[in-house]
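All chains, please: the whole structure from these sequences, using the hints.
If you're matching them up, the sequences are chains A and B in order. For the first sequence, the working numbering puts the final residue at 407, and the numbers step up evenly by one. For the second sequence, the working numbering puts the final residue at 407, and the numbers step up evenly by one.
Don't read these hints as lab results, they were simulated from the structure. Heads up, some of the hints might be wrong.
Said to hold, decoys possible - If you want a taste of the chain A side facing chain B, the calculated C-beta under 10 Å gives, among others:
(1) Ala130
(2) Val235
(3) His246
(4) Glu251
(5) Phe325
(6) Gln354
Claimed, not checked - Okay, the calculated beta carbon distance ranges per label pair:
(7) B:Arg313 <-> A:Leu114: 51 to 59 Å
(8) B:Gly238 <-> A:Ser62: 33 to 41 Å
(9) A:Leu69 <-> B:Gly216: 52 to 60 Å
(10) B:Val82 <-> A:Pro400: 44 to 52 Å
(11) A:Glu142 <-> B:Arg50: 55 to 63 Å
(12) A:Ser62 <-> B:Gly216: 43 to 51 Å
(13) B:Asp183 <-> A:Pro400: 42 to 50 Å
(14) B:Gly238 <-> A:Gly239: 12 to 20 Å
(15) B:Arg389 <-> A:Pro288: 54 to 62 Å
(16) B:Arg368 <-> A:Ser54: 50 to 58 Å
Quantities reported herein were computed from a predicted structural model and do not represent experimental measurements. Don't be surprised by glycine CBs; every beta carbon is placed ideally from N, CA and C.
2 protein chains.
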Amino acid sequence: MRAPGTPARQGTLREHNLRLVLSHILDAAAGVDPTAPSRADVATATGLTRGSVSALVDLLISARLITELPPVSSARAGRPAVPLVPARDTVAGLGAEVNVDYIGVRALDLSGRLLGQCLTSGDFRGSDPAQVLGELAALVRELRAELPGELRIAGLCLALPGLVDRVTGPLRQAPNLGWRDVDVTGLLTAHPGADDLAVRLANEANLAARAETRAGAAGDSFVYVSGEVGIGAAVVLGGEVFAGRHGWAGEIGHTVVEPEGPACTCGARGCLEQYAGKDALLRAAGRPLTDSAEDLVAAAADGDVAAATALRRGGDALGVALANFVNLVDVERVVLGGIYAPLAPWLTAPVIAQLRTRVLAAAWEDARVQVAAGGAHAAMTGAALAVLRTVVEDPAAWVPDAVGPVS
Amino acid sequence: MRAPGTPARQGTLREHNLRLVLSHILDAAAGVDPTAPSRADVATATGLTRGSVSALVDLLISARLITELPPVSSARAGRPAVPLVPARDTVAGLGAEVNVDYIGVRALDLSGRLLGQCLTSGDFRGSDPAQVLGELAALVRELRAELPGELRIAGLCLALPGLVDRVTGPLRQAPNLGWRDVDVTGLLTAHPGADDLAVRLANEANLAARAETRAGAAGDSFVYVSGEVGIGAAVVLGGEVFAGRHGWAGEIGHTVVEPEGPACTCGARGCLEQYAGKDALLRAAGRPLTDSAEDLVAAAADGDVAAATALRRGGDALGVALANFVNLVDVERVVLGGIYAPLAPWLTAPVIAQLRTRVLAAAWEDARVQVAAGGAHAAMTGAALAVLRTVVEDPAAWVPDAVGPVS
Numbered sequence: 001m002r003a004p005g006t007p008a009r010q011g012t013l014r015e016h017n018l019r020l021v022l023s024h025i026l027d028a029a030a031g032v033d034p035t036a037p038s039r040a041d042v043a044t045a046t047g048l049t050r051g052s053v054s055a056l057v058d059l060l061i062s063a064r065l066i067t068e069l070p071p072v073s074s075a076r077a078g079r080p081a082v083p084l085v086p087a088r089d090t091v092a093g094l095g096a097e098v099n100v101d102y103i104g105v106r107a108l109d110l111s112g113r114l115l116g117q118c119l120t121s122g123d124f125r126g127s128d129p130a131q132v133l134g135e136l137a138a139l140v141r142e143l144r145a146e147l148p149g150e151l152r153i154a155g156l157c158l159a160l161p162g163l164v165d166r167v168t169g170p171l172r173q174a175p176n177l178g179w180r181d182v183d184v185t186g187l188l189t190a191h192p193g194a195d196d197l198a199v200r201l202a203n204e205a206n207l208a209a210r211a212e213t214r215a216g217a218a219g220d221s222f223v224y225v226s227g228e229v230g231i232g233a234a235v236v237l238g239g240e241v242f243a244g245r246h247g248w249a250g251e252i253g254h255t256v257v258e259p260e261g262p263a264c265t266c267g268a269r270g271c272l273e274q275y276a277g278k279d280a281l282l283r284a285a286g287r288p289l290t291d292s293a294e295d296l297v298a299a300a301a302d303g304d305v306a307a308a309t310a311l312r313r314g315g316d317a318l319g320v321a322l323a324n325f326v327n328l329v330d331v332e333r334v335v336l337g338g339i340y341a342p343l344a345p346w347l348t349a350p351v352i353a354q355l356r357t358r359v360l361a362a363a364w365e366d367a368r369v370q371v372a373a374g375g376a377h378a379a380m381t382g383a384a385l386a387v388l389r390t391v392v393e394d395p396a397a398w399v400p401d402a403v404g405p406v407s
Numbered sequence: 001m002r003a004p005g006t007p008a009r010q011g012t013l014r015e016h017n018l019r020l021v022l023s024h025i026l027d028a029a030a031g032v033d034p035t036a037p038s039r040a041d042v043a044t045a046t047g048l049t050r051g052s053v054s055a056l057v058d059l060l061i062s063a064r065l066i067t068e069l070p071p072v073s074s075a076r077a078g079r080p081a082v083p084l085v086p087a088r089d090t091v092a093g094l095g096a097e098v099n100v101d102y103i104g105v106r107a108l109d110l111s112g113r114l115l116g117q118c119l120t121s122g123d124f125r126g127s128d129p130a131q132v133l134g135e136l137a138a139l140v141r142e143l144r145a146e147l148p149g150e151l152r153i154a155g156l157c158l159a160l161p162g163l164v165d166r167v168t169g170p171l172r173q174a175p176n177l178g179w180r181d182v183d184v185t186g187l188l189t190a191h192p193g194a195d196d197l198a199v200r201l202a203n204e205a206n207l208a209a210r211a212e213t214r215a216g217a218a219g220d221s222f223v224y225v226s227g228e229v230g231i232g233a234a235v236v237l238g239g240e241v242f243a244g245r246h247g248w249a250g251e252i253g254h255t256v257v258e259p260e261g262p263a264c265t266c267g268a269r270g271c272l273e274q275y276a277g278k279d280a281l282l283r284a285a286g287r288p289l290t291d292s293a294e295d296l297v298a299a300a301a302d303g304d305v306a307a308a309t310a311l312r313r314g315g316d317a318l319g320v321a322l323a324n325f326v327n328l329v330d331v332e333r334v335v336l337g338g339i340y341a342p343l344a345p346w347l348t349a350p351v352i353a354q355l356r357t358r359v360l361a362a363a364w365e366d367a368r369v370q371v372a373a374g375g376a377h378a379a380m381t382g383a384a385l386a387v388l389r390t391v392v393e394d395p396a397a398w399v400p401d402a403v404g405p406v407s
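Here you go:
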């Protein structure tokens, strides 16, 4: 799309219309009930002429961004339709993540298919950024060695549990890693395997929310809350993640539950993380911090009163914070991700009770709270999708040079 | 601007470029240091040819949307430049408001100049919508009788202290008026003086924030918080008010300060309104609810300890709620509007202290809190500006029909 404030001219038409055609074909493939459109379908949907669409489709096929399926006869008269779908195994996006208890990277192709991944568990609290990013680069190298040689890598996006400055680039602060003002890109690309990649950084909850948008079950307007040791959140409106002025929106883990509550790693008191973060829940349940969310659920299901109480109180605190969020930002659904997905059977009832009581908007009389559909490590999927989006936004960069203007 | 997902075609060029030229001339006039651009300046700024700009400018002059000032000689060689400015007294937007203790309407022309206003004080708690909107229609009639006959009225926008549904239109809920699911537009346009107007509704804080954007002192990324009996807020990002899915964003008055705090008019407990709304502040200071914000400030300045304590505690609560807002939404400034403008000398210090302690982003080490520049009844100004914006968005509708296509 043209930026506001620039005039409409013929010169931008080819790029605009290439984007339009590619987006339509990729969006159709990513739908909940995917139907591969024909050239005629694309023309109808975009308002472009069939001739223009055919020329643009040929360009996208030559760039190996889309491909044709065998023709399908329809009930209507005329030639059989040729379905158009995203190309497989030709272009990949790499999605990586550093979180408090794991690091990893996965590769997705333009159809959204997982081509491979490498993961390592660990404890990265108070870790050395240079060492951790060296380990991550080794995982990237290992993954790339497994991928087909002819695959073109569009870049890498790295999910981080903290404030990533989208204006100036570096990680500002990740309280639970103990990282502050780290040149993450520089440290990662210092290693072979990552030194030839275009790298971008983003907040893990924002990326997980992007994966959730693609998974489709939450509609296009929701708050995604990602529970780990820390708690991140992201707002999706109209299918787009709303990242705020600097990219720091959604720091729900440091919103206040009780102004005089317990001290937090961030230096303030009474933050949500101290009531509903993974460590806080395990501590309140009297369990070791090495337990998983699944261990906590199993204990509560076995009649462990301390575990059940910890989950109910955590759910109350989470509900208060989410009610504030919905009052301020106005969305239709709340999606529980990260450890809140396995904990949802215990958290959903107290969260809904708080939302019903506290959200002013009448729509929340029918509070919609649901479990994330993006699966484990959704932030890595969202990161890979973010890379693939750069392909959709500039398909002209992938089209062979020799071709003249088409509009 | 063209909507995403529609193809670029020649047919939309004239409308697009008319918008572009008109916006540029109006924005230049609204700047902090206004400089009226010439045709050549507009061509440079928009990237359009001088010939196109001249033709478009002639159309806008014939539509009486802009006008020429006397030529100005410059130091450079060549013909003197003819400055272009918004037309005065030719097109007006009406901005109206119903709030808890006043109703009114004002008229602004395209240059943003106040052409006139009619205001009435009162107590509209638990009021009858039909009666109040009849009184408002009488004020509209009175104002229109004072305006020049040749003035064209582009419409009326009404600011309301509550949830206005931008999808379906009616007011959903205004807790302090006691209004719920009211067909405000129907009740207002049932009366002569308003029955020929295109009427739209919006939240008062969103409109006051729009006026603040125009006033320019807060930049283009801020949270505007509007204190009255209730407390509204609006987020501005990139110069645009972010209204959320339904238009209900910014209900900061019903975010939680203390989960077990005092009961609120909305049915929940511990809402900010019960700590920092006008009635809550006056009650905590032991003063009658008929007192003004200025009375409260005068008492505190005279050494009234109860008044000073009420203001400090109100400022702490407001700071907690604003810290949550900034953590969730990521903006650069907080603007204190409504009664918080006169109360700012007492509120700013506790608000800044809470922001510095609680906002995760390092930028808030330099917390920026400032007093609204939009003046009294800023929501009415913002409402009139919202109407005028519809003119800028579709100038072609104001251009005489007989003119052929220009691009």
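Arg50 of chain B and Glu142 of chain A - C-beta distance against the hinted 55 to 63 Å = holds (60 Å)
Taking the closest Cβ pair, is Gln354 of chain A under 10 Å from chain B?
-> Hint on Gln354 of chain A: holds, closest Cβ of chain B at ~8 Å, below 10 Å.
Does the Cβ-Cβ separation between Gly238 of chain B and Gly239 of chain A fall within 12 to 20 Å?
-> holds (19 Å)
Could you tell me whether the CB distance from Val82 of chain B to Pro400 of chain A stays inside 44 to 52 Å?
-> About 49 Å separates the Cβ atoms of Val82 of chain B and Pro400 of chain A, which means 44 to 52 Å holds.
Minimum beta-carbon distance criterion (10 Å), His246 of chain A to chain B | holds (6 Å)
Within 50 to 58 Å or not, the Cβ separation of Arg368 of chain B and Ser54 of chain A?
-> The hinted range 50 to 58 Å holds for Arg368 of chain B and Ser54 of chain A, with Cβ atoms some 54 Å apart.
If you take the shortest Cβ to Cβ gap from Phe325 of chain A to chain B, is it below 10 Å?
-> At about 6 Å, which falls below the 10 Å cut-off, the nearest Cβ of chain B leaves the hint on Phe325 of chain A intact, so it holds.
May I ask you to test the hint 54 to 62 Å on the CB atoms belonging to Arg389 of chain B and Pro288 of chain A?
-> This hint holds: roughly 59 Å between Cβ atoms.
Given a hinted range of 33 to 41 Å, is it respected by the beta-carbon distance of Gly238 of chain B and Ser62 of chain A?
-> holds (37 Å)
Supplied distance hint 43 to 51 Å, evaluated on CB atoms of Ser62 of chain A and Gly216 of chain B = holds (50 Å)
Can Glu251 of chain A be said to touch chain B, with a Cβ gap under 10 Å?
-> At about 4 Å, which falls below the 10 Å cut-off, the nearest Cβ of chain B leaves the hint on Glu251 of chain A intact, so it holds.
When the least beta-carbon distance from Ala130 of chain A to chain B is tested against 10 Å, hint result = Since chain B brings no Cβ nearer than about 21 Å to Ala130 of chain A, farther than 10 Å, the hint is violated.
This entry does not satisfy hints 1 and 13, going by the numbered hints stated previously.
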